[in-house]
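Asker: Here are the chains, one letter per residue:
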Amino acid sequence: MSDSNNAHNVSYLDYKGQYKGLSAWIFSTDHKRIGLLYLYTMLAFFSVGAILGLLMKTELIAPGATIMGPKAYNALFTLHGIIMIFIIVVPGLPAVFGNFFLPIMIGAKDVAFPRLNLLSWWLYVIGILIVLTSQFLGDGPPDTGWTFYAPYSFQTPANVLPAVFGAFVMGFSSILTGINFVVTIHRMRAPGMTWFKMPLFPWTLYGTAWIQILATPVIGITLLLIVAERLLGIGIFDPALGGDPILYQHLFWIYSHPAVYIMILPGMGVISEIIPVFSKKTIFGYKAIVLSTMAIAFVGYFVWGHHMFTSGMSGRALYTFSFLTFLVAIPSAIKVFNWVSTMHKGSLDMQTPFYWAVSFIFVFMIGGLTGLVLGSLATNVHVHDTHFVVAHFHYIVFGGTGYAFMAALHYWFPKMFGRMYDLGWANLGWGIFFIGFNALYLPMFFLGMQGMPRRYYDYLPDFHGGNIISSLGAWVMISGIIIIFANLIRSARHGKKTTQKNPWGGKTLEWQVETPPTLENFEEIPTIEKGPYHFGE
Amino acid sequence: MNPGASNFVEGVNNAFIFIIGISLFFLIGITLVIILFLYRYNKKRHPKAVQIEGSNKLEVIWTIIPLALVMGMFYYGYVGWKPMKRIPDEGVRITANARMWSFSFTYENGRITEKLYVPVDTAVIVRLNALDVVHSLYIPAFRVKEDMVPGLANNQMWFQPNKVGNYSLFCTEYCGLQHSFMHTEVVVMEPAEFWEWYSDTTAVAIPIEEGADLALLGRQLVESKGCLACHSLDGSTIIGPSFLGAWGSNVPVVTNGQEREVAFDEAYVLRSIYEPDADIHQGYRAGQMFSYQGEITEQQIELIVEFLKSLNE
Chain A
4 MSDSNNAHNV SYLDYKGQYK GLSAWIFSTD HKRIGLLYLY TMLAFFSVGA ILGLLMKTEL
64 IAPGATIMGP KAYNALFTLH GIIMIFIIVV PGLPAVFGNF FLPIMIGAKD VAFPRLNLLS
124 WWLYVIGILI VLTSQFLGDG PPDTGWTFYA PYSFQTPANV LPAVFGAFVM GFSSILTGIN
184 FVVTIHRMRA PGMTWFKMPL FPWTLYGTAW IQILATPVIG ITLLLIVAER LLGIGIFDPA
244 LGGDPILYQH LFWIYSHPAV YIMILPGMGV ISEIIPVFSK KTIFGYKAIV LSTMAIAFVG
304 YFVWGHHMFT SGMSGRALYT FSFLTFLVAI PSAIKVFNWV STMHKGSLDM QTPFYWAVSF
364 IFVFMIGGLT GLVLGSLATN VHVHDTHFVV AHFHYIVFGG TGYAFMAALH YWFPKMFGRM
424 YDLGWANLGW GIFFIGFNAL YLPMFFLGMQ GMPRRYYDYL PDFHGGNIIS SLGAWVMISG
484 IIIIFANLIR SARHGKKTTQ KNPWGGKTLE WQVETPPTLE NFEEIPTIEK GPYHFGE
Chain B
525 MNPGASNFVE GVNNAFIFII GISLFFLIGI TLVIILFLYR YNKKRHPKAV QIEGSNKLEV
585 IWTIIPLALV MGMFYYGYVG WKPMKRIPDE GVRITANARM WSFSFTYENG RITEKLYVPV
645 DTAVIVRLNA LDVVHSLYIP AFRVKEDMVP GLANNQMWFQ PNKVGNYSLF CTEYCGLQHS
705 FMHTEVVVME PAEFWEWYSD TTAVAIPIEE GADLALLGRQ LVESKGCLAC HSLDGSTIIG
765 PSFLGAWGSN VPVVTNGQER EVAFDEAYVL RSIYEPDADI HQGYRAGQMF SYQGEITEQQ
825 IELIVEFLKS LNE
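As you go down the protein sequences, you meet chains A and B in turn. Residues 4 to 540 in our numbering are what the first sequence spells out, letter by letter. Residues 525 to 837 in our numbering are what the second sequence spells out, letter by letter.
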């Protein structure tokens with residue numbers, strides 16, 4: 004056992020040394036190894052989730068049964084949602100890049116609670132295993148959608164409980180990571196790094212961590228109530244037992260809307276790191292970006308009702324939620340304006356991470372602007388629960404968080420692996436992915452405005468045109484993903500070795516340490532005097 | 525965009541045009557600026573960056589202007605939506621019943637239909653009633669949608685169709701296996717035609733012509749009432765047992781917890797439609813089907829029986 008308070012010649016990372024091979028990974032308390040553990044787990048499950056999505060789009064290429072029946076389709080979109088939301092984008096950037104780079108970027112040797120950090124990963128994996136049992140045990144895989152809406156989730160014979168319980172366990176992983184990051188940022192910044200000298204990615208991790216701590220318990224309690232209702236027959240949500248299904252929707256979205264900001268805020272942080280580096284220019288409006296981050300984290304708690312505009316809530320509640328929803332759009336707009344202004348009069352270095360960051364701005368704008376259509380009452384009523392919503396949140400969650408994840412991966416890859424990827428293949432993969440992505444999701448906006456409901460296994464012939472384009476887009480996008488992943492996996496093992504500390508010319512601390520970072524990151528904790536993006540000299 | 529056919533279409537479309545117009549302006553404008561920057565400030569043409577920390581003036585401008593614009597969007601959305609919540613006192617009153625996985629509509633004179641028949645240019649007030657799980661009634665051409673929540677009393681929506689024609693009506697809240705097949709039509713008629721249809725209660729007792737194909741009429745009933753969503757015709761199990769080969773067989777059932785066998789005859793069919801949980805086919809779950817008492821008449825059950833018989837031929 005070790006203790007960080009001991010004399011400096013005893014590392015709190017020491018006891019990793021007693022393990023070898025796989026155990027040196029899964030029992031390591033090193034924040035960098037834990038970050039990589041999350042990365043590998045996520046990439047594996049992302050591949051599964053993406054294949055499920057591809058199968059769904061293939062089914063929808065023509066009306067009628069194409070490659071599967073309705074039961075399989077309903078199970079597929081449920082599992083696709085659970086994997087992509089609970090296993091990938093909610094832990095997402097904080098768990099992978101937050102773990103790997105937060106301590107380095109603020110000049111610390113590790114997070115505040117390394118063992119708690121390892122526990123978070125274990126809870127995450129245990130949660131995944133519990134979710135997976137729902138697929139193989141009992142009366143068939145869950146078919147409720149990832150939202151588990153009552154009372155259907157109580158009436159379906161499918162095996163819903165393990166999925167719900169697995170999500171519950173993963174919730175603890177999220178809460179613990181949040182606590183860890185909040186304490187780390189408060190207590191472990193390098194000397195001289197005042198709050199407003201902290202880089203923007205740690206800032207967004209800070210906002211995210213608070214949401215994780217404050218919002219996740221709500222979903223935990225809700226999921227437990229489902230367990231109590233299904234197992235013990237206590238009427239909470241099921242009207243047959245005297246419960247209220249709308250209460251379930253409220254509790255679910257009180258968590259799940261802030262969770263959208265858990266997903267997107269760190270993505271915005273990554274983009275705020277990458278754009279200055281490839282513009283060779285300090286970030287425009289640093290404080291405005293910080294304040295907008297905290298504003299999103301705060302206002303994001305009060306807008307959950309916009310998921311329920313047609314649920315039968317009172318009119319007053321509806322226009323209040325609509326009003327607040329429009330307010331939360333402003334800080335996101337401010338960020339976009341500041342990113343674009345950062346590029347103004349810069350010296351733009353067109354490299355793969357920059358392609359991802361710029362295309363992030365484009366798809367994020369489409370996601371955000373279509374969010375305005377959904378925030379407005381009259382238009383929401385028409386497109387609520389149609390393909391429009393599906394398109395919108397894929398532009399935000401996949402377009403936003405997904406592009407930011409890819410940007411982060413291509414940006415920090417050389418630092419993490421000490422090897423460089425093939426730039427040509429990376430750019431080709433990005434291009435194909437970008438075209439496929441837009442071909443896949445843009446037609447869905449039109450389908451939704453035309454009136455095609457979501458979660459439809461089959462559709463009327465009127466909707467055929469848009470679905471053909473969308474399904475073909477899915478195949479193009481998957482080809483892009485295969486190229487990107489093949490390139491990265493090959494490069495992580497056989498790519499050109501590099502010990503260059505700073506391949507992109509960044510100014511934040513992770514570019515001042517060794518490549519790959521040494522066990523303790525810093526020989527000596529640096530003292531910070533300047534802001535994080537001082538490209539002037 | 526779906527061409528509209530109700531009193532709400534104009535308000536909703538105006539909100540769409542306002543929001544999408546402004547959004548496209550910003551999307552295209554900002555994208556063009558980015559492309560311009562990518563060209564103009566490429567490091568080949570602009571090797572040395574000019575350091576600019578920021579500008580409070582600009583931050584204020586791009587906070588205030590978007591704020592004003594989104595308030596305008598909020599306003600248009602509010603104005604387009606408000607009349608939907610102002611339900612008039614007078615109008616044709618219809619109760620919509622949703623169950624997995626079909627709609628039925630009950631009129632004040634007791635008439636029950638699978639399609640929603642309404643008169644043009646008249647207010648229609650629909651009481652929303654769900655028997656099992658949450659459904660949602662959506663008519664894209666009318667721009668209306670409201671969830672149908674079991675246990676939620678006095679849940680209503682209204683609209684005033686303004687164009688004669690047939691329009692799609694969908695369930696938009698995911699409700700299980702056959703969710704995507706839970707759709708029907710709204711038939712908007714001229715008022716005179718509608719009231720004639722409405723008062724024509726003889727249609728409740730179907731006049732069966734001499735020599736009519738009873739089995740075919742039964743088949744049409746089974747299709748229109750949504751029976752086939754759960755009971756297959758090919759021997760496969762969907763939710764309930766298949767109809768294929770059922771007629772005349774001996775059915776293993778559970779009655780009040782007692783296992784027994786009953787003959788699949790006319791009395792059994794009637795009991796299964798009116799009291800689905802009285803005799804539960806062994807191996808299937810109770811509570812999956814709700815009674816069709818008041819929705820399917822005994823005369824119609826006779827036709828269904830003819831159809832079931834015909835499956836054995």
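What the hints contain is simulated information worked out from the structure, not anything from laboratory work. Just so it is clear, CB atoms sit at the ideal spot from N, CA and C, and this is done for glycine as well. Hints may contain errors.
[What the hints assert, rightly or not] Chain A regions said to be covered by chain B (calculated; three or more residues, Cβ under 8 Å):
#1 199-209
#2 274-284
#3 340-350
[Claimed, not checked] Mimicking DSS-like on lysine-lysine, the simulated pairs with C-alpha atoms at most 25 Å apart in a straight line are:
#4 A:K112 <-> A:K348
#5 B:K572 <-> A:K510
#6 B:K606 <-> A:K348
#7 A:K74 <-> B:K749
#8 A:K499 <-> A:K200
#9 A:K499 <-> A:K510
#10 A:K112 <-> A:K504
#11 A:K348 <-> B:K572
#12 A:K533 <-> B:K606
#13 A:K290 <-> B:K606
#14 A:K200 <-> A:K348
#15 B:K568 <-> A:K510
#16 A:K290 <-> A:K533
#17 B:K572 <-> B:K687
#18 B:K687 <-> A:K504
#19 A:K504 <-> B:K572
Asker: Which of the listed hints are broken here?
Answerer: 1, 4, 6, 8, 12, 13, 17, 18
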